[in-house]
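Build out the structure end to end from the sequences listed, making use of the hints.
If you read the sequences in order, they're chains A and B.
Residue numbering for the first sequence is 0 to 538, as defined by numbering that gives the first Met the number 0.
Residue numbering for the second sequence is 0 to 219, as defined by numbering that gives the first Met the number 0.
Hints were generated in silico from the structure; no laboratory data involved.
Any given hint could turn out to be false.
One-sided excerpt, in silico: chain B residues whose CB lies under 7 angstroms from chain A [unchecked claim]:
(1) 53
(2) 109
(3) 112
(4) 113
(5) 116
(6) 140
(7) 143
The structure presented is a predicted model; accordingly, all values stated were derived computationally and were not measured.
Even glycine gets a Cβ: it sits at the ideal position worked out from N, Cα and C.
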Amino acid sequence: MHLACDPLSALFLAILLPQIVAGALGAERRSVFFWAFAGGMVLAVLAAEAFTLLLGFELMSAASWVLVLRGDRRPATLYAGVAMFSGACLLPALFLPPGGIAFSLILLGAGAKAGLAPLHAWLPKAHPAPPAAVSALMSGGMVKVALYVLIRYGFVVLGGAVQPWWGTALIFAGAASVLIGALRAVLEVELKTILACSTVEHVGLIAVGLGVALRAKALGETDLAALALQGALLCAVAHGLFKPLLFLGAGAVKHATGSSSLDWLGGLMRGMPRLGGLMLVGCFGMSALPLGPGFAPEFLLLHAVIAAAGTGGILARIGFTALLAVLGLGAALALGTAVRVIGVGFLGRPRTLRAAAAEDADKPVLWGMGLLAGLSVPVALFPGIVLLLLNPVIAQLVPGANQPPLHYAPFMLALLLLIAAAGTYALLQRLASHGEREVHAFNGGFGKPPAWLPFGDPLTQASGTGFAEPIQRALGATILGAKFIDPGESYVLDPLRRLNVYFTRAAERVRRATIRQRLAFLFAALVLFLAALGFVQGA
Amino acid sequence: MSALTYPLAHLLGGLVLICAFALLSQRRLAAMITLYQFEAVTLTAAAFWQGFAQHELALFLTGFITLIIKAIILPIGLRYIVKNFNITRAVETAMPVGLSMILGVGLIGIAVYVVLPITMSAVTLTREDLAISLSVVLLGLLVMTTRRNALSQVIGFLSTENGLVLAAIGMPGMPFVAELSVALLVLMAFLVMGVFLFRIREHFENLDIAGIESIEKQGR
Chain A
0 MHLACDPLSA
10 LFLAILLPQI
20 VAGALGAERR
30 SVFFWAFAGG
40 MVLAVLAAEA
50 FTLLLGFELM
60 SAASWVLVLR
70 GDRRPATLYA
80 GVAMFSGACL
90 LPALFLPPGG
100 IAFSLILLGA
110 GAKAGLAPLH
120 AWLPKAHPAP
130 PAAVSALMSG
140 GMVKVALYVL
150 IRYGFVVLGG
160 AVQPWWGTAL
170 IFAGAASVLI
180 GALRAVLEVE
190 LKTILACSTV
200 EHVGLIAVGL
210 GVALRAKALG
220 ETDLAALALQ
230 GALLCAVAHG
240 LFKPLLFLGA
250 GAVKHATGSS
260 SLDWLGGLMR
270 GMPRLGGLML
280 VGCFGMSALP
290 LGPGFAPEFL
300 LLHAVIAAAG
310 TGGILARIGF
320 TALLAVLGLG
330 AALALGTAVR
340 VIGVGFLGRP
350 RTLRAAAAED
360 ADKPVLWGMG
370 LLAGLSVPVA
380 LFPGIVLLLL
390 NPVIAQLVPG
400 ANQPPLHYAP
410 FMLALLLLIA
420 AAGTYALLQR
430 LASHGEREVH
440 AFNGGFGKPP
450 AWLPFGDPLT
460 QASGTGFAEP
470 IQRALGATIL
480 GAKFIDPGES
490 YVLDPLRRLN
500 VYFTRAAERV
510 RRATIRQRLA
520 FLFAALVLFL
530 AALGFVQGA
Chain B
0 MSALTYPLAH
10 LLGGLVLICA
20 FALLSQRRLA
30 AMITLYQFEA
40 VTLTAAAFWQ
50 GFAQHELALF
60 LTGFITLIIK
70 AIILPIGLRY
80 IVKNFNITRA
90 VETAMPVGLS
100 MILGVGLIGI
110 AVYVVLPITM
120 SAVTLTREDL
130 AISLSVVLLG
140 LLVMTTRRNA
150 LSQVIGFLST
160 ENGLVLAAIG
170 MPGMPFVAEL
180 SVALLVLMAF
190 LVMGVFLFRI
200 REHFENLDIA
210 GIESIEKQGR
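Dropping the structure here:
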């Protein structure tokens with residue numbers, strides 16, 4: 000067992016550590032499996048050779064399976080199947096000679112574990128199942144470990160044999176993940192499922208960045224590769240901070256109100272102001288708004304995609320332009336998701352008595368969330384410094400690349416905005432009329448209650464489903480179909496289920512065969528064997 | 000060795016093959032038993048002729064065993080079963096007789112196709128004898144798979160075994176022990192089958208294994 004810590008390992012270790020600390024603060028301190036899970040992730044990231052890497056990876060899978068099992072049995076079984084599939088793909092891939100087959104297997108194995116598009120349908124089911132701290136670590140950490148394997152092998156171990164189509168495959172998978180993840184995130188009702196779908200979207204963003212970088216590296220465009228890698232790695236850093244934060248918050252909400260369905264929440268900002276504030280910080284990151292931690296990666300990614308459009312033929316131009324549209328759509332939907340979570344879940348009036356009676360979360364959970372929120376502030380305001388820290392990693396992945404400076408300085412922007420706001424405020428104070436006028440009290444934006452509900456009813460507020468209705472009509476029906484089924488479910492999982500039933504029936508038929516049928520089967524096998532023998536000999 | 004050695008050996012082998020093929024076409028148990036008896040007699044003649052041609056006393060002994068056990072005792076036993084166990088005399092086939100005969104022709108083709116190229120270096124006598132023996136074995140297996148009646152499956156099995164003996168006597172220098180053990184094996188198998196048939200009849204009042212098949216389908 001060899002361990003080594005090069006810049007890439009150090010980066011992912013730095014992504015993992017705050018989440019592990021936050022998860023441990025958030026109630027999982029005494030669970031052996033939690034520590035086995037965390038240890039497996041650290042071992043996989045620090046591994047110096049393939050065997051240790053695989054050992055850590057599988058330890059991570061097994062321990063997290065036990066933790067998912069705590070939540071529910073069905074997603075745990077699905078999750079175990081996916082984990083075995085990814086293990087079965089990675090095991091031969093790590094020992095194959097560098098080449099297309101090895102990379103395809105890595106992409107399948109690590110992609111399935113990370114939740115990349117055709118193989119993502121398990122993620123929105125399995126990630127919300129376990130307790131919140133484990134969900135947080137799975138969504139923020141485990142997915143990153145899978146991407147770490149992808150980066151480690153795609154760029155470093157198999158780096159000599161890199162082909163442009165590797166990157167193209169990653170870009171396609173990533174774009175599909177962005178689209179489906181973002182769309183499902185804005186349509187789902189369960190808070191933790193929303194967050195899991197958003198994880199699919201962010202994994203897609205990272206994969207798009209990695210794909211552009213891999214393609215550029217294969218084509219010899221090292222500067223472009225560095226730009227795309229900056230975007231992808233910064234996205235990984237930011238996602239590793241705000242997603243565990245949101246999952247911990249969702250767990251606390253469920254603990255306080257007994258439900259995490261948006262349709263049963265509302266008005267939580269009054270009952271749990273600290274948690275609400277921290278969730279607001281997390282949603283700010285999730286939505287890629289300027290001055291938030293999610294903006295700089297998105298900005299870099301869009302730059303990289305625009306630059307990549309100039310590096311290929313007409314097909315690449317068209318494709319990258321379409322990719323821009325997909326990324327833009329993803330960002331808009333992510334913003335919609337964040338607004339919906341805060342607006343429906345935390346603002347407005349409480350829809351149930353429990354939501355009305357919610358009290359702020361326990362101190363340790365708030366400390367854990369506060370740690371993650373505090374760390375996301377420098378990432379949001381000083382992305383240039385984070386990029387400087389990423390320099391050795393990029394130099395390791397793409398040797399000899401010039402790393403372009405970031406043309407976005409949020410701290411200065413924030414300062415300017417602050418000055419402008421302060422100036423406007425002062426101006427208003429000076430110029431505004433100081434007379435008094437009597438108006439109706441602001442009632443939080445609600446319309447006048449209808450005649451048959453004279454005292455108003457919280458259930459007449461727009462629900463989570465109602466909020467998403469226009470998007471469901473405009474996009475959901477075309478991409479997810481009228482029945483609102485994930486394509487990953489209907490085109491990947493369902494055929495597998497049907498295949499399973501088919502093979503089970505075939506096996507049962509063989510088991511029930513009569514003596515004569517078995518005899519005939521053996522006889523046919525013998526005759527076929529003889530015929531093959533004669534054919535080979537005759538030739 | 001006279002000039003007659005090969006032609007006569009092939010003629011006898013061919014007669015065994017015709018008997019095995021005719022077994023496939025028969026619908027009645029009595030006719031199948033008679034054909035089997037004729038096959039065994041032909042096999043005896045073939046063994047005697049090979050013993051004479053190869054100057055091997057052991058082959059005469061093989062022929063003698065074949066004559067006693069297969070040509071006399073087994074047919075008598077089979078006829079006894081048919082007569083005393085109240086068996087339906089007509090055999091129910093699992094596929095049309097014409098189709099099974101076409102399949103049989105195909106099997107003979109496969110046997111020739113397999114054996115002749117593989118044994119290119121061997122003597123002519125052995126090669127063609129082997130092709131004929133393999134055909135007889137395959138035809139016997141086909142009889143076993145296409146018949147529903149347990150007794151006709153037994154006859155198919157015995158015919159398969161005749162093919163093996165035919166291959167054994169065609170090989171110069173094949174030790175006698177093998178044939179003796181094969182003959183004993185057949186006797187044992189016949190006894191087992193007899194007990195088996197007896198039990199089936201006890202349970203189902205006839206020897207049609209469709210009863211077992213339905214139980215197998217329901218029971219598991």
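Evaluated hints:
1. 53: Constraint on residue 53 of chain B not satisfied, violated at 28 angstroms.
2. 109: Status holds, d = 5 angstroms.
3. 112: Holds: closest Cβ of chain A sits about 4 angstroms from residue 112 of chain B, inside 7 angstroms.
4. 113: At 4 angstroms from the nearest chain A Cβ, residue 113 of chain B passes the 7 angstroms test, so the hint holds.
5. 116: holds, 4 angstroms
6. 140: holds, 5 angstroms
7. 143: Given a least distance of 6 angstroms, the restraint on residue 143 of chain B holds.
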